[in-house]
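Undergrad: One letter stands for each residue in the lines below.
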Amino acid sequence: QIQLVQSGPELKKPGESVKISCKASGYTFTDYAMHWVKQVPGKGLKWMGWINTYTGKPTYADDFKGRFVFSLEASASTANLQISNLKNEDTANVFCARGNSRYFDFWGPGTMVTVSS
Amino acid sequence: IQLTQSPSLLSASVGDRVTLSCKGSQNINNYLAWYQQKLGEAPKLLIYNTNSLQAGIPSRFSGGGSGTDYTLTISSLQPEDVATYFCYQYYNGWTFGGGTKLELK
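Chain order of the listed sequences is A and B. When you line the first sequence up against the numbering used here, it's residues 1 to 117, in that order. When you line the second sequence up against the numbering used here, it's residues 1001 to 1105, in that order.
Hint data in this document are derived by calculation from the structure and do not stem from the laboratory. Model, not experiment: these values are computed from the prediction. Certain hints may be false.
Cut-off 27 Å, straight-line C-alpha distance, at most; resulting in silico cross-link-like pairs (BS3-like, lysine-lysine) [said to hold, decoys possible]:
| no. | chain 1 | residue 1 | chain 2 | residue 2 |
| --- | --- | --- | --- | --- |
| 1 | A | Lys87 | A | Lys19 |
| 2 | A | Lys57 | A | Lys87 |
| 3 | A | Lys13 | A | Lys46 |
| 4 | A | Lys46 | B | Lys1023 |
| 5 | B | Lys1044 | B | Lys1105 |
| 6 | B | Lys1023 | B | Lys1038 |
| 7 | A | Lys87 | A | Lys43 |
| 8 | B | Lys1038 | A | Lys43 |
| 9 | A | Lys23 | A | Lys12 |
| 10 | A | Lys46 | A | Lys12 |
| 11 | A | Lys43 | A | Lys23 |
| 12 | B | Lys1023 | A | Lys43 |
| 13 | B | Lys1044 | A | Lys43 |
| 14 | A | Lys19 | B | Lys1044 |
| 15 | B | Lys1044 | B | Lys1023 |
| 16 | B | Lys1101 | A | Lys43 |
| 17 | A | Lys43 | B | Lys1105 |
| 18 | A | Lys87 | A | Lys46 |
| 19 | B | Lys1044 | A | Lys46 |
| 20 | B | Lys1101 | A | Lys65 |
| 21 | A | Lys87 | A | Lys23 |
| 22 | A | Lys87 | A | Lys65 |
| 23 | A | Lys13 | A | Lys65 |
| 24 | A | Lys87 | A | Lys12 |
| 25 | B | Lys1101 | A | Lys46 |
| 26 | A | Lys13 | A | Lys43 |
| 27 | A | Lys23 | B | Lys1038 |
| 28 | A | Lys23 | B | Lys1044 |
All chains, full assembly: derive it from the sequences and hints.
TA: So, in structure tokens, the structure goes:
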């Protein structure tokens, strides 16, 4: 069955970096885009951007340009999100989600990133 | 495109017919999906392209609408339907509504 497995929770200090992974299984990784979505605890969802898993080309939402990098390890069916120079407002649950004709049909369980001094 | 969901909180009884609303700031041309999120879980796709039921989702869930106005209807509310429901447009970029929290009365 289709699964997206994300890396575990992270506790970081302001200014540090974090890398979150999302390993896909149960389908051909390069046939579907991978999106990233942020959810601040108790709040709504915000689309961060997506990566074309066939070409490796990333696209970032306006609020996520500069400190955010999407990458792939296609041989391992894994998408990664790296956030540098972490700020308190980056504290959130971050989901990867498979893109199917522009909507998201399967989601990972989320990776909680906590930024605190 | 901004999406406004109403109500933000809805209390209903088991067996009730429940309708949730999602209004776009402009025409989203039926490129609208609905997700269910239970506490501590990832969102689950219920409906895509306004009214297409995702595989494995019970038939008591249905979607409708056009233009700027869309709805999610649960024909007979079940206890396991307690969750927050988000609409989401993918016509122009990708944006989510603020959510409707559905609780049992």
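Undergrad: Decide, hint by hint, whether the structure agrees.
TA: Outcome of the hint check:
no. : hint                      : result
1   : Lys87(A) <-> Lys19(A)     : 14 Å, holds
2   : Lys57(A) <-> Lys87(A)     : 26 Å, holds
3   : Lys13(A) <-> Lys46(A)     : 23 Å, holds
4   : Lys46(A) <-> Lys1023(B)   : 17 Å, holds
5   : Lys1044(B) <-> Lys1105(B) : 23 Å, holds
6   : Lys1023(B) <-> Lys1038(B) : 22 Å, holds
7   : Lys87(A) <-> Lys43(A)     : 18 Å, holds
8   : Lys1038(B) <-> Lys43(A)   : 13 Å, holds
9   : Lys23(A) <-> Lys12(A)     : 22 Å, holds
10  : Lys46(A) <-> Lys12(A)     : 21 Å, holds
11  : Lys43(A) <-> Lys23(A)     : 26 Å, holds
12  : Lys1023(B) <-> Lys43(A)   : 19 Å, holds
13  : Lys1044(B) <-> Lys43(A)   : 17 Å, holds
14  : Lys19(A) <-> Lys1044(B)   : 25 Å, holds
15  : Lys1044(B) <-> Lys1023(B) : 21 Å, holds
16  : Lys1101(B) <-> Lys43(A)   : 11 Å, holds
17  : Lys43(A) <-> Lys1105(B)   : 23 Å, holds
18  : Lys87(A) <-> Lys46(A)     : 17 Å, holds
19  : Lys1044(B) <-> Lys46(A)   : 16 Å, holds
20  : Lys1101(B) <-> Lys65(A)   : 31 Å, violated
21  : Lys87(A) <-> Lys23(A)     : 26 Å, holds
22  : Lys87(A) <-> Lys65(A)     : 14 Å, holds
23  : Lys13(A) <-> Lys65(A)     : 21 Å, holds
24  : Lys87(A) <-> Lys12(A)     : 9 Å, holds
25  : Lys1101(B) <-> Lys46(A)   : 17 Å, holds
26  : Lys13(A) <-> Lys43(A)     : 22 Å, holds
27  : Lys23(A) <-> Lys1038(B)   : 23 Å, holds
28  : Lys23(A) <-> Lys1044(B)   : 18 Å, holds
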